[in-house]
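Chains A and B supply the protein sequences, listed in that same order. Its first residue numbered 1, the first sequence is counted upward by one per residue in the numbering used here. Its first residue numbered 1001, the second sequence is counted upward by one per residue in the numbering used here.
FYI, nobody ran anything at the bench for these hints, they're computed from the structure. Ideal Cβ placement from N, Cα and C applies to all residues, glycine included. Among these hints, one or two may not hold up.
To be verified - Distance windows between CB atoms, simulated:
{"id": "1", "chain 1": "B", "residue 1": "S1003", "chain 2": "A", "residue 2": "I232", "range": "43 to 49 angstroms"}
{"id": "2", "chain 1": "A", "residue 1": "L83", "chain 2": "B", "residue 2": "Q1093", "range": "25 to 31 angstroms"}
{"id": "3", "chain 1": "A", "residue 1": "W82", "chain 2": "B", "residue 2": "L1101", "range": "53 to 59 angstroms"}
{"id": "4", "chain 1": "B", "residue 1": "Q1040", "chain 2": "A", "residue 2": "I232", "range": "42 to 48 angstroms"}
{"id": "5", "chain 1": "A", "residue 1": "I58", "chain 2": "B", "residue 2": "E1005", "range": "22 to 28 angstroms"}
To be verified - Subject to a maximum C-alpha distance of 27 angstroms in a straight line, what follows is the list of computed DSSO-like cross-link-like pairs (lysine-lysine):
{"id": "6", "chain 1": "A", "residue 1": "K75", "chain 2": "B", "residue 2": "K1075"}
{"id": "7", "chain 1": "A", "residue 1": "K75", "chain 2": "B", "residue 2": "K1085"}
{"id": "8", "chain 1": "A", "residue 1": "K75", "chain 2": "B", "residue 2": "K1103"}
Read off the chains here:
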Amino acid sequence: MEATTPFDLNHALAEWRNSLQQSPAFCRENLDELESHLRDSVANLQQRGLSGSEAFLIATRRVGGAPALGTEFGKINPGNVWLNRALWMLIGTLVFRFISGLVSSATMGTTVLGVVLARPVGSGVTTPLLLGTLGAFVHLLTFAAALILGWRLLVRKGNSISAWLQREPKSLARPAALVALLLIPYASAGVLQGCGMYLINKFSDGNQTTMVSAGFVVGTASAALIESAGLILLTLLLARRQLLTKI
Amino acid sequence: MLSKELVAASTVPLVLSVLTEGETYGYALIQRVRELSGGQIEWTEGMLYPVLHWMEREELIESEWRESETGRKRKYYQLRKEGRKALLEEKQQWLAVHETLAKLWKQQPRLT
């Protein structure tokens, strides 16, 4: 027979606190005060004959749910809420720039590779249009792959990432570490692109350089066009959904 | 049970009034209001704290973390001068409403 685990108030309170900590609306002192309230409430209910877990259940219910509390506490801590939004916007921008860097390196790489591989066959095979199509294809493929991987990471690990970020709400060390972590791949994407440029200049004559540049421009431009159209469509869809939930 | 609107409107005068009895902490304040109202006034308990913090910012009350008799830390609130002034104003307004309604209801004893 398996023994039933006795109710551990401290553990239950820690979990409850953790669930509220996800929201930027609460500062540590708010949570301290709410916890102190819950302890009083639980003790009082237990005196009236309820078991530990029953008392905890009723006490947390009386205190109110996390979303409703978050809204009210957010009104007295608006600075925290905006800081959190700004932080996520910044992270979003960095992620997007990292993806752009990656995508543009991949396009550049493909274009260069196309020219180099076609060299023995003859210059007639490689046209800016052909290179551009290839580049655009790689561009969109890399973009989609980066988005899908990022999305999966966010869905699977999003909660633990934001919990990790907010575990020390007073210190900026963790957000700063995250930003630095994102800057590394972003910088390396730039370096990669620089290397590509250097290689083109070193190994190809003037004609090929022009070809690569033209192909790169065609590829990037057409991919950017498709991307923007997709982003605009997505924005419109989300805005419509937001509007529908408001009415 | 009080309506949502009345709960929202009456929280500040209730807090100020309870605090005229002396300093207290959030949980005890809620218990006091529940007891006095005979269970008629039931707050979503957590919602009291943002109101307390707003009142503190408005300098109606002040607070201090202190160790209680149980050895655990609690945040105690007490009234400030501005709070007493605000309570007088609230009192006038609530009494004005109360008296008007009372007069009207006296003239209409079969209202129920």
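Report task. Sort out whether B:K1075 lies within 27 angstroms of A:K75, counting only the CA atoms. Result -> holds (20 angstroms)
Query raised in the report: In this structure, is the beta-carbon distance linking B:S1003 and A:I232 contained in 43 to 49 angstroms?
Result: Since the Cβ atoms of B:S1003 and A:I232 sit about 45 angstroms apart, the hinted range of 43 to 49 angstroms holds.
Report task. Kindly confirm whether 42 to 48 angstroms is satisfied by the beta carbon distance between B:Q1040 and A:I232. Result -> Check failed, 55 angstroms falls outside 42 to 48 angstroms.
Query - A:L83 paired with B:Q1093, Cβ distance criterion 25 to 31 angstroms - result: violated (38 angstroms)
Report task. State, for the Cβ atoms of A:I58 and B:E1005, whether the hinted interval 22 to 28 angstroms holds or is violated. Result -> 26 angstroms Cβ-Cβ, so the 22 to 28 angstroms window holds.
Query raised in the report: Is it true that the CA of A:K75 sits at most 27 angstroms from the CA of B:K1103?
Result: Violated: A:K75 and B:K1103 sit about 39 angstroms apart, past 27 angstroms.
Query raised in the report: Taken at face value, is the distance from the CA of B:K1085 to the CA of A:K75 at most 27 angstroms?
Result: Status holds; Cα separation ~25 angstroms.
Requested in this report: Can you let me know if the beta-carbon spacing of A:W82 and B:L1101 is within 53 to 59 angstroms?
Outcome: Because 43 angstroms falls outside the window, the suggested range is violated.
Hints 2, 3, 4, 8 from the earlier list are contradicted by this structure; the remaining hints agree with it.
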